[in-house]
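Participant: Next come the chains, spelled out residue by residue.
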Amino acid sequence: MAIAAKQERRVIEGSMAVAEMVKRCRPHVVSAYPITPQTHIVEDISEFVADGEMQCEFINCESEFSAISICLGASATGSRVYTATSSQGLLLMTEVLFNVSGLRLPILLTCANRAVSSPLSIWNDQQDSIAMRDSGWMQFYGEDNQEVADLHLQAYKIAEDHRVLLPVMVCMDGFILTHAFEPVELPAQEDVDAFLPPYQAVAKLDPQQPITMGAFADPNYYMEIRWQLEYAMQQAPAVIEQVAAEFEQTFGRPGLHALESYRTEGAETIILGLGSMLSAIKDTVDELRAEGEPVGAIKLRWYRPFPRQQLIEALRGVKRVAVMEKDISLGMGGAVCADLRSALYDLDQRPAITGFVVGLGGRDITNRTVRACYERVQRGPGENIWVELDEDLLDPDMLRAWKQQWE
Amino acid sequence: MKIKIPIGAIAEPGSSVATKTGSWRTEKPEYTGEKPCTGCQSCVRACPEGAVTVEDKHFVVDLDFCKGCALCVAVCPIKGLSMEEEVR
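Chains A and B supply the protein sequences, listed in that same order.
Residue numbering for the first sequence follows the working numbering, starting at 1 and increasing by one per position.
Residue numbering for the second sequence follows the working numbering, starting at 1 and increasing by one per position.
Any given hint could be a false lead.
If the Cβ cut is set under 8 angstroms, some of the chain A residues that face chain B in the computed set are [unchecked claim]: (1) R104; (2) T264; (3) G266.
Straight-line Cα separation of at most 30 angstroms, DSSO-like style, residue types lysine-lysine; simulated pairs [claimed, not checked]: (4) B:K57 / B:K4; (5) B:K2 / A:K204; (6) A:K204 / B:K20.
Between beta-carbon pairs, the in silico distance windows are [claimed, not checked]: (7) A:I122 / B:E27: 32 to 38 angstroms; (8) A:P207 / B:S23: 31 to 37 angstroms; (9) B:W24 / A:P210: 23 to 29 angstroms; (10) A:T212 / B:W24: 48 to 54 angstroms; (11) B:K4 / A:G331: 51 to 57 angstroms; (12) A:T366 / B:S23: 55 to 61 angstroms; (13) A:H162 / B:G33: 53 to 59 angstroms; (14) B:P6 / A:E190: 33 to 39 angstroms; (15) B:G33 / A:F216: 34 to 40 angstroms; (16) A:H179 / B:K67: 16 to 22 angstroms.
Just so you know, these hints were derived from the structure itself, not from any lab.
All C-beta atoms in this analysis are idealised placements derived from N, C-alpha and C, irrespective of residue type, glycine included.
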């Protein structure tokens, strides 16, 4: 396939790769509040604006609540809008996140994934964005900085499609990706402009033609308006796949398909995960395959909408699935595992699905972590299994309860 | 009046008539008939929803919009109104 698009290949920080891609998407308004590990992204964007490289209003504010509120207002006037945050910042935005989706404003937010307090941690896990799963925002997760940068470009095109009109969160692991220097191919401005035309709002705030957005809805209307939102989420998969295919044709890199399957041919066990942990998972799959183990990996790029149909297809005939995730819905287990089990429940034949909680608060996920999960599922199913706790830090009762998960 | 809901539930001016506040009500005001209405219009002025009219000394309430707040009952100088339980 001949790819006509020109690309510039540079070794840059993940945050800079995102900033460079956002610049090419030509947002009219950027408003954000600094929070580790997201800060570099908007620092880079503010420099672009100050240097005249970006024609955009960069609005400083006093909190994340203000940032997303400014974004909401700006998007309601028909502007393309961008923001970024992490952890406590995302949680502080919560109320407005639900308003943004309800108003059908296609704002793009980068979540530099970070653990949430308490205890205070600036390190990576995915608890922040996973906790926002019911907010009506689409959520996409990237494995490396090239993929994360590419997700931003595709995300705007999907979000602004009139069949969708939902806000979108692109999730990238804090520090592991945001602060890592990698070679990244950046598309030329004219190719981005051709791929992503200007945003056309269906309605916008205009003093000459007054309208009310987010009006009061009594019980006779509320459910229908919420159904509109759910219907849009149900329409989104077809639009996302279409945009992903167009992206691949234009730029020659993998598009935003729901899943990436890695060495899944003949696999009896699948290890499934989101984000940067896939590099350790793929590496371990290579090791295990070399030892003759029938194992493969699946990368989940979408979390909302949840790609139920694609997962049913991809897991047909598989005996065991190990879900590795960096979040915990306390009192139930990992959220992704629960969703996967729910998605496959109605099938006559389905794999045994075991959920592993890994890498919270920046605990490294190594090949040894992945191998522990693989070996555990060979011994039988389990749920809500925590991986690589330090035995010296647990009192005897807690240690016993944890060790029982591994029998 | 019902309005079709555009994407994002955007409302044009004047669309609040589509919000049927009557669905909030558990009791409705009724003229008891025990004492003759004087036609003083106190109930009309008290109604926060503009749901009450008095024509020819005859109390009329628009139940699509009456929230059942009972202000009309409270202000009636002859105590000619009362709240009645409704069953759905």
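Participant: Evaluate each hint against the coordinates.
Facilitator: Going through the hints against the structure:
1. R104: With a closest approach of 4 angstroms, the R104 (chain A) hint holds.
2. T264: violated, 39 angstroms
3. G266: Not OK, violated: G266 (chain A) not within 8 angstroms of chain B, min 46 angstroms.
4. B:K57 / B:K4: Violated, because 38 angstroms separates the two Cα atoms, which is more than 30 angstroms.
5. B:K2 / A:K204: holds, 23 angstroms
6. A:K204 / B:K20: Holds, at about 26 angstroms.
7. A:I122 / B:E27: 32 to 38 angstroms: violated, 56 angstroms
8. A:P207 / B:S23: 31 to 37 angstroms: About 33 angstroms separates the Cβ atoms of P207 (chain A) and S23 (chain B), which means 31 to 37 angstroms holds.
9. B:W24 / A:P210: 23 to 29 angstroms: holds, 27 angstroms
10. A:T212 / B:W24: 48 to 54 angstroms: Since T212 (chain A) and W24 (chain B) have Cβ atoms about 20 angstroms apart, the given range 48 to 54 angstroms is violated.
11. B:K4 / A:G331: 51 to 57 angstroms: violated, 42 angstroms
12. A:T366 / B:S23: 55 to 61 angstroms: holds, 58 angstroms
13. A:H162 / B:G33: 53 to 59 angstroms: Taking Cβ atoms as reference, H162 (chain A) and G33 (chain B) lie about 57 angstroms apart, which means the hint holds.
14. B:P6 / A:E190: 33 to 39 angstroms: holds, 35 angstroms
15. B:G33 / A:F216: 34 to 40 angstroms: holds, 36 angstroms
16. A:H179 / B:K67: 16 to 22 angstroms: Hint violated: Cβ distance 56 angstroms, outside 16 to 22 angstroms.
Taken one by one, the earlier hints fail for this structure at numbers 2, 3, 4, 7, 10, 11, 16, listed in ascending order.
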